[in-house]
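Enquirer: In the order they appear, the protein sequences are chains A and B. Quick note: the first sequence uses full-length UniProt numbering, first residue 1, plus one each step. Quick note: the second sequence uses full-length UniProt numbering, first residue 1, plus one each step.
Hint data in this document are derived by calculation from the structure and do not stem from the laboratory. From the three backbone atoms N, C-alpha and C, an ideal C-beta is built for every residue, glycine too. Certain hints may be false.
To be verified - Listed next, the in silico DSBU-like pairs over lysine-lysine satisfying Cα-Cα at most 30 Å (straight line):
hint, chain 1, residue 1, chain 2, residue 2
1, B, Lys72, A, Lys354
2, A, Lys133, A, Lys143
3, A, Lys133, A, Lys61
4, B, Lys228, B, Lys154
5, A, Lys61, A, Lys143
6, B, Lys228, A, Lys346
7, B, Lys58, B, Lys72
8, B, Lys72, A, Lys346
9, A, Lys354, B, Lys228
10, B, Lys228, B, Lys208
11, A, Lys61, A, Lys114
12, B, Lys58, A, Lys346
13, B, Lys228, B, Lys72
14, A, Lys277, A, Lys114
15, A, Lys114, A, Lys133
What the hints assert, rightly or not - Computed from the model, here is a short list of chain B residues facing chain A with C-beta under 10 Å:
hint, residue
16, Asp291
17, Glu293
18, Ile305
19, Val325
20, Val351
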Amino acid sequence: MNVIRVEAGYLPGLATADVQWQVLPFEQDGQRVDVAVPVLTAPQMQALAERVKQASAQHLKTMAVSEIIDVIDRAISRLLDPNDPYRRQADALLPIVSGYDAEMVRLGLTGFFKTFRAPQLHRFVAEDFANPKVLDGFQPAVKGGAVRAFGPQLLVHSWAGNVPALALWSLICGLLVKAGNIGKLPSAEPLFAGWFARLLVEVHPPLADCLAVVWWRGAGDGDAAALYEQADTVVAYGGNDSLEAIQRRLPVTTRLLAHGHKLGFGVVSAMALDAQKAPALARRAAWDVMRYDQQGCYSPHVFYVQRGGPVSPRDFAGYLAAELANLQRRFPRRALDLEESAATAKWRQSIEWKLPADGADALIGDPAAPWCVAYTDTAESLAPTALQRNIVVAGVDTLDQMVPLVARRSEFLQTAGVAATPEELYRLAEQLGAAGVTRISAIGSMSTPEAGWHHDGRFNLLDLVRMTEIEQSAEAAADPFAPYEP
Amino acid sequence: MNNVAPLVADLLEFIAQDGCTDEQFDQLALRLFAYQYGASAPYRSFCQRRGATVRNVKTWSDIPAVPIDAFKAMELRCEPPRADERVFMTSGTTRADMRGRHFHPHLAVYDQSMTRNFAARVMQGTPRLPMGILFPDEVAMPNSSLAHYLALAKSAFGSEGSLYFMSPEGIDLEGLWRQLEDAERRGEPYALLGASFSFVHVIDALRKEGRSFRLPPGSRILDTGGYKGQSRELPLDTFYAELSDLLGVPRTLCINMYGMTELSTQFYDDGNAVVPSVKSGPHWIRSRLVDPETGRTVPAGERGILAHCDLGNFNSVNTILTEDVGQPAEGGFLLLGRAEGAQAKGCSLAVEEFIRSATP
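Kindly produce the complete structure, drawing on both the sequences and the hints.
Expert: The structure is reproduced here in structure tokens:
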């Protein structure tokens with residue numbers, strides 16, 4: 001078997017030989033990648049944190065936001081170039097490591113990288129700061145005086161591996177607020193973040209010591225604590241259990257920005273269900289289900305479909321099933337391990353056992369197919385499916401009727417895909433927003449959030465900074481001391 | 001539905017014979033499948049959704065395996081309910097309100113399956129032994145297949161003076177120590193049978209009291225059923241090392257039984273000198289390893305979920321899909337534990353995690 005060995009992470013100031021490495025093996029279609037991930041000691045971790053803090057104070061905090069955007073833009077343009085060595089490495093290795101279809105990964109990465117080009121990044125900053133120059137220096141405040149935003153000295157990231165290259169979101173946010181950044185690689189996708197760090201440094205060598213990418217086993221012990229102790233802010237993605245474990249390690253004065261479990265869903269109005277529109281809509285819905293096999297926090301689990309249109313909810317479910325079958329041919333689902341396969345089977349069977357005698361077609365498609373559409377006439381509270389392209393279509397009489405079904409899960413809500421008239425969209429958005437939804441997108445765009453979105457309803461950049469104010473009193477008090485004053 | 005009598009007679013005869021050919025197994029399995037397909041409406045629709053009919057099922061491994069969850073969700077039976085039937089229920093380790101039920105209109109087949117197999121694998125030629133049972137009796141647990149199994153072991157293979165040591169207050173440790181001392185003194189082999197978690201309590205008590213026994217040669221231990229949250233969990237190797245050390249029974253005679261409420265036949269290993277041990281069953285049960293999502297047999301040599309075709313299951317369904325992970329091994333299979341639910345890798349939400357977070 002062809003075995004490729006890759007060294008993951010990015011450790012400025014540490015030689016390969018000084019670090020312990022653990023090999024994480026990944027295998028896919030007869031190809032194997034051995035990813036060596038670094039295991040630092042607590043003193044090494046501490047030294048690394050010091051180094052990153054100092055360097056970023058010197059080389060990153062002194063750059064203007066526009067200059068930082070320019071650096072990121074140059075790195076991203078290399079990632080968008082199919083012939084660039086970094087991009088070729090990503091296209092070649094990420095499918096093996098993640099198990100996702102190579103073509104799906106390639107399309108997914110391109111779409112994802114496009115959201116981090118210069119114009120999008122400027123929009124990103126402008127979204128959170130009415131005057132982006134507050135990141136560069138004191139700016140006059142509307143109320144009087146002046147104000148400036150300071151990013152963290154050390155921002156620690158704990159990334160998740162459900163979607164390849166996911167680390168970009170928070171790492172770029174950290175760079176935009178000029179934080180020293182140290183990220184912890186997820187074991188499920190331990191490659192991309194380290195590559196991006198190295199690429200950035202190639203593009204702009206003074207950044208060399210301003211960021212680092214590390215790894216630790218499981219929740220990490222002393223080594224993890226040594227890093228967390230030095231962070232002023234921590235961004236973490238993952239299950240509630242791992243978030244809780246991180247929270248327990250943090251001093252109360254450290255800010256934790258946690259992105260935990262979420263459940264997405266779609267809503268389809270009867271107005272979108274004529275013979276022409278419904279098949280196209282089902283096609284877009286299938287893309288949302290297919291992308292990364294529903295592993296995103298924005299991925300849909302249920303489509304609530306209104307009755308009364310020319311195309312019935314049951315027929316919409318049929319269209320969706322046909323599109324999932326098509327997509328399976330283009331982008332085959334990742335091979336499941338035994339536990340995932342068992343969980344999927346259990347979910348499907350739990351629906352099968354509940355079938356009424358005449359509901360033989362509630363599970364649409366071949367029982368052994370790598371996707372499944374479950375149809376129900378009686379909509380239930382939002383609940384997760386088994387993921388892996390298993391989706392529920394539920395018929396509802398009115399759009400209002402589905403709101404309480406999702407409102408019960410307010411702590412898990414994030415993305416709702418909506419296909420409805422403009423009036424319906426705004427009415428529904430009011431209700432869904434009140435229920436806890438933080439993002440409403442078109443169906444088909446659920447799994448591709450736009451640049452500058454408010455992830456989980458929060459401010460990506462604003463949440464990272466601390467504002468320093470010069471009050472009018474200070475300004476006025478300074479005046480008399482000026483040498484030009486009489 | 002009245003064609004069941006000859007089928008049962010043939011089953012009893014089949015179990016009584018010494019081994020069988022592949023053709024003989026297939027023949028009876030397919031007859032049983034045809035009967036169950038015709039007599040059980042929920043099973044029939046389950047098979048139809050998988051495209052399996054009496055016409056295209058050609059061999060035992062074509063018979064669709066019914067997941068054990070189905071025993072919770074519906075009544076899987078071929079004969080109509082009767083007042084004197086026995087109903088074995090699962091212990092409901094995951095959800096107490098959802099227990100799997102296995103209906104036995106009579107226990108002739110179950111009992112013959114159990115005794116023939118037990119004689120060969122546990123008694124190994126010895127007709128009777130004094131026995132100690134570390135599990136409640138059938139009066140205390142009328143719906144437990146394990147209680148029936150152990151009661152049958154005691155009545156069919158226990159010599160006079162065999163005793164239960166389980167009371168509502170727990171294990172009668174003093175009584176047990178007396179019995180074990182007695183066995184030591186008389187030099188007569190002794191058999192101790194019970195749930196694995198009961199043995200953990202015995203181990204803990206012996207350690208605490210600082211005592212141990214050297215049971216006479218030929219003594220044996222039979223444990224089954226795992227820990228089910230009723231005791232602390234011990235790694236297999238530690239478990240058998242402790243048992244052997246504290247009771248003086250060699251690990252080759254510490255036998256583990258793997259059985260299920262949804263089955264009528266048990267699997268055994270040939271002792272636990274090496275763990276995990278190879279499990280195997282008698283000629284009237286066959287197992288394969290499947291991918292649970294597709295139901296297809298996994299490629300040779302790979303891990304899979306165990307599916308068993310048990311000809312002793314004449315009234316429910318002869319083929320069941322377990323939640324146990326198995327690995328092929330010479331002469332049987334290795335049991336690698338339960339397939340725990342899949343964990344989400346990031347901020348998506350897996351069902352198991354959702355259920356945990358949604359239940360207070």
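Enquirer: A separate judgement is required for each hint: does it hold in the structure or not?
Expert: Here is what the structure says about each hint:
Only pairs whose Cα atoms come within 30 Å are accepted, and Lys72(B) paired with Lys354(A) is accepted, the gap being roughly 11 Å. Using a Cα cut-off of 30 Å, the hinted pair Lys133(A) and Lys143(A) holds, with the two alpha carbons roughly 17 Å apart. Proposed proximity of Lys133(A) and Lys61(A) is supported: the alpha carbons are some 13 Å apart, at most 30 Å. Among the hinted pairs, Lys228(B) with Lys154(B) is consistent with the structure: their alpha-carbon atoms are about 24 Å apart, no more than 30 Å.
Note on Lys61(A) and Lys143(A): the hinted pairing holds, with a Cα-Cα distance of about 26 Å set against a maximum of 30 Å. Distance restraint check for Lys228(B) and Lys346(A): the Cα-Cα separation of roughly 21 Å lies within the 30 Å cut-off, and the hinted pair is therefore satisfied. In summary, the hint linking Lys58(B) to Lys72(B) is supported, as the alpha carbons are separated by about 29 Å, within the 30 Å threshold. Only pairs whose Cα atoms come within 30 Å are accepted, and Lys72(B) paired with Lys346(A) is accepted, the gap being roughly 13 Å.
Taking the CA atoms of Lys354(A) and Lys228(B), the gap is about 27 Å. The hint holds against a cut of 30 Å. Pair hint Lys228(B) plus Lys208(B) holds up; C-alpha atoms about 23 Å apart against a cutoff of 30 Å. For the proposed pair Lys61(A) and Lys114(A), the alpha carbon gap of about 26 Å is at most 30 Å, so the pair holds. For a cut-off of 30 Å, the pair hint linking Lys58(B) to Lys346(A) stands: about 26 Å separates their Cα positions.
A C-alpha spacing of about 18 Å is found between Lys228(B) and Lys72(B), which places the hinted pair at or below 30 Å, so the restraint holds. A threshold of 30 Å between alpha carbons decides the hint, and for Lys277(A) with Lys114(A) the separation of about 28 Å falls inside it, so the pair holds. Between Lys114(A) and Lys133(A) the CA atoms are separated by roughly 24 Å; this keeps the pair inside 30 Å, and the hint holds. Look at Asp291(B): its Cβ gets to within about 6 Å of chain A, closer than 10 Å, so that hint holds up.
For Glu293(B), the shortest C-beta to C-beta distance to chain A is roughly 4 Å, which falls under 10 Å, so the interface hint holds. Restraint check, Ile305(B) versus chain A: the minimum CB separation of about 6 Å is within 10 Å; hint holds. At a threshold of 10 Å, the smallest CB-CB gap from Val325(B) to chain A is about 6 Å, leaving the interface hint in force. Checking Val351(B) against chain A: minimum C-beta separation of about 5 Å stays under 10 Å; hint holds.
No hint from the list above goes unmet by this structure.
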